[in-house]
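Respectively, the protein sequence lines represent chains A and B. Residues in the first sequence are numbered from 1 upward in steps of one, following my numbering. Residues in the second sequence are numbered from 1 upward in steps of one, following my numbering.
Do not rely on the hints blindly, as some may be mistaken.
Stated by the list, open to error - Okay, derived cross-link-like pairs now, SDA-like style, lysine to any residue, Cα gap no bigger than 25 Å in a straight line:
#, chain 1, residue 1, chain 2, residue 2
1, B, Lys33, B, Gly83
2, B, Lys225, A, Asn273
3, B, Lys235, A, Gly82
4, B, Lys235, A, Glu33
5, B, Lys166, A, Asn272
6, B, Lys235, A, Met225
7, B, Lys170, B, Lys216
8, B, Lys235, A, Gly167
9, B, Lys204, A, Phe261
10, B, Lys274, A, Leu144
11, B, Lys274, A, Gly136
Stated by the list, open to error - Taking beta-carbon pairs under 8 Å as the criterion, some of the chain B residues facing chain A (in silico):
#, residue
12, Lys86
13, Glu242
14, Gly375
15, Lys376
Just so you know, these hints were derived from the structure itself, not from any lab. Just so it is clear, CB atoms sit at the ideal spot from N, CA and C, and this is done for glycine as well.
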Amino acid sequence: MDILISSLFAGLLIGMVLALVALGLNIIFGVMEIVNFAHGEFLMVGMYTGLFTAQATGMEPLLTLPVAAVVGFLLGIICYYGFIKFLIRGPMVAQLLGTFGLMLFLRNIALLIFGSEDRALHHGILVDKSFDMGMGVIVPATKLTAAGLSVVAFGAVWLLMNRTKIGKALTATALNAQGARYMGIPTERMNALAWGIGGGSVTIAGALIVNFWSVNPFMGLLFTMIAFAIVALGGFGSVPGAFFAGLVVGLITEIPGIWDFFTYTFNFDWMNNVPMTSLKYMWVYLAYFVIVVVRPRGLFGWKQ
Amino acid sequence: MKTAVRFGMVVLGVLAVVGLMVPSAALAAKEIKIGVIYPLTGGAAAAGRELRAGAELAAKIANNVMTDISMDMAKNSGIKNMGGAKIKLIFKDHQGNPTIGADLAKKLILDDKVDGILGCYHSSVTKTVSAVCEQYGVPMINGTSTSPALTKRGLKWFWRTTPHDKWFTKDLFELLKGLTEGKVRGVKAVPKKEIINLASACEKTEWGSHVSDIIKSLAKEYGFKLKKSLLYASKSPDLSSEVRSLKAVRPDAMLFASYTSDAILMVKTLKAQKAAPKIIWGQDAGFEKPEFRSTLRDSIVGILTRTVFLPKVAQIKKVAGQVNTLYKKNTGNDLGGASARAFTGLQTWVHVLEKAGSTKPADIQKAANALKIPGKELVVPWAGIQFAASGDEIGQNVLGSGLIGQYQKDKDGNLVLEIIYPFDVATADMIFPFSF
C-alpha cells in the first residue's frame, strides 16, 4: 500500500509543477493559436536563470523566482516583437517551422554559453531535505515547495485572466481578435502580453524545477512534448483545464508505481517482468494521442 | 660550345637538386592517421574530455622519447619499425548517437583516409562504427566499451582491450560472496540472508540492457534473489518512480548501470527518498566520473563502483604513477577508468603498428591477432593484452581484469576511491553497511 500512496502523492505533486510548465504554452496558443515549439527551451532558460542567480548571489534558490519571471517575461516580449510578429503573417507551416527554429536557436545559444554538462543546485535550505509524511510517503522538500508555489502562480495567472481588465482583453483577443480590435483593444499588445505571461510562467516553473532536477541545453524537448500532452488533454486555451490535465499527466508518469502496487498485492511474477519504467513517458503520449482522436478540443477546451 | 656547357651545368644542377630531394622525401617519416571517435558533446561530454585527454597523452608519449616513462613506446620517437612515423589523431564527436558515429566512421575512412579507428565509449556507437569498419576492412581498436555482445559477432577487424561487463559484474558477485565468507578487509563475515535481496536499475541502451541481463544470470548463479530489475530511459529528468519501485522490494543491495547525469540524479533521488540499502554498486561509467564526485560530494561515501583504474593503482604500479603525473599535469585530474583505458587503447595501436611495420590492413590484422603486451607496460592493472583469435569472443583481450573501488574520505578529508576488490590488493577497510 505504501508504494501506491507514495506514487499517487508524487504524481500529484509533480503534476502541479508540470501544469505550470504547460500554462504558458496554453496561454500563447489560446490567444494567438501559435504552437510554440521553443516552449521547453523557455523552461531551460528559467532553469539556468534560477541556477546562476542563486549561485552568483548566494541567495536562496526559491527567491530567484521573481528574477526568472522577469527574464521569461522579457524573453517572451522580445521573441514576439523581434520574431513572432512577422511570423504570424505567414502560413501555419511557417509559424510551426519558425518556432522550431527558435527552439534550435535557444538550445544552441545555451550550448555555446553553458556547455553540454548537466548543472545542478547544491545549496538552499530545502535542497537534500525530505519530509516523512507517514504511510511510506517521503516527499522531497523541494518538490513539495515547488508544487505549492506552482499552485500559487497558477492562481495568480487565473486571477489575472479572469478578474482583471487585462485578462478580459486577453480573453477577448483569444475569442475574436478582429472583434476585440473593433472594441478598441490593442490586440498586438495583447499578443505580446500573452508571450510575456507565457514566458514568465514557464521560466518560473524552470526556476522551481532546477531545485530538484539538473539542467542541460538538451532537456527542453521532453518538456515541450509533455506540455503539448497537458494542453491537449486540458483543452487549448483553458487555464483550469491545464491545471487538471497537469495533475492527470503527473499521475500517468507514476503508472509504474501503481503497477508495482498491483504486482506485489497479487504477487504475479509476470507483472514483475513487464518493463513499466521503460515505458513511463509512453503512457503520457498515448493519452495525448487518445485525447486528440477522441476529443480534439480537450476536456475543458472552448468549442470552436 | 659555351651554350652547351651552360646547358649541361644547368641539367647537372637540376639533377643534383632532384637527387638531394628524392632520398629525403623517400625517407621522410610517414604519418599514421588514427580516427578517434568519442562523445565530445552531449550528455557524456565530460567522459569524452577524459577519453580525449587519455588518447592524446598516449600519442604524445608515442611520438616523443620520454625517458622518465618506463614503457616501450616512450623509448622511441614515433613508430620505430616504420622509420619513426608519427601518430596523428583525428578526433570526431559522435554525441552518443550510433547513427552519427557510423557516418563519422565512413567520413574518416573515405575522406580522411585513416589507417585505423579508435573508439567509441558508448557500446551502441561502437557497435555501428565497428560494422562500418568491418564493411571497409579497416582495423578498429576499442578501449572502453563493455557490452559483451560486441566481441560475440565474429568480426575480423575489431579488437577490444577492456574487459567486458560480464567480467566486471562477476567481480561484484565475488565481492558479495566474499562478504559472506569474511574475505573483505575490515568486515566480519556477513550472513548471506542479510545481503541476499538485490535490485537493479540500468539505463536501456545497448550497454545497460546487457548489464541488466548479466546481473539476472549471475544473481541466479551465485544464489542471490534479484527482487527487482528495471530498465529506465537514459537522461531522464526524473527517476523518482524508478527509485520508489526499487525501494518497494526493500533490497539489501542496489546495483546500477548509469551514465553520468543519470548516476547523479539516481543517487540524489535515493537520498531524497531515504533509501537504505546496505550496498550501492555502480557499473563504472557515471559512478566514476569526476562530476559524480564533485556534484554529490560527501553523500557518496560508501558507494562502490567497478573500474579498471583508480589513482591508488598509481601507488602500487610504477608506470601508472609516471603516466598519472603527466595526465594530472595536463588536466588537473587523476587518471580514471575512461582516460586510463583510452590511453591503453591508443598504446595498443602503437604496439600493433610496431609489430605490423606497415599500415596495410592485412598486416595490422595479422599483428593484432598475434599481439602480446606484458602487464608491466600498462597503466591499468591487467596481466597484459592478448586478443582471442578463435572461440566465441574473437578480438577480446583475454588478460584484462577489473577492480571495485569504494568512495571513502582520506585522513585529510578528501574524497578518494579505495580498492576493495580484488581482496589481495585492497587498500582500505570496506565501509559496510552503507548509509546516506
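Legend entry - Enumerated hints in conflict with the structure, sorted upward: 3, 4, 8, 12, 14, 15
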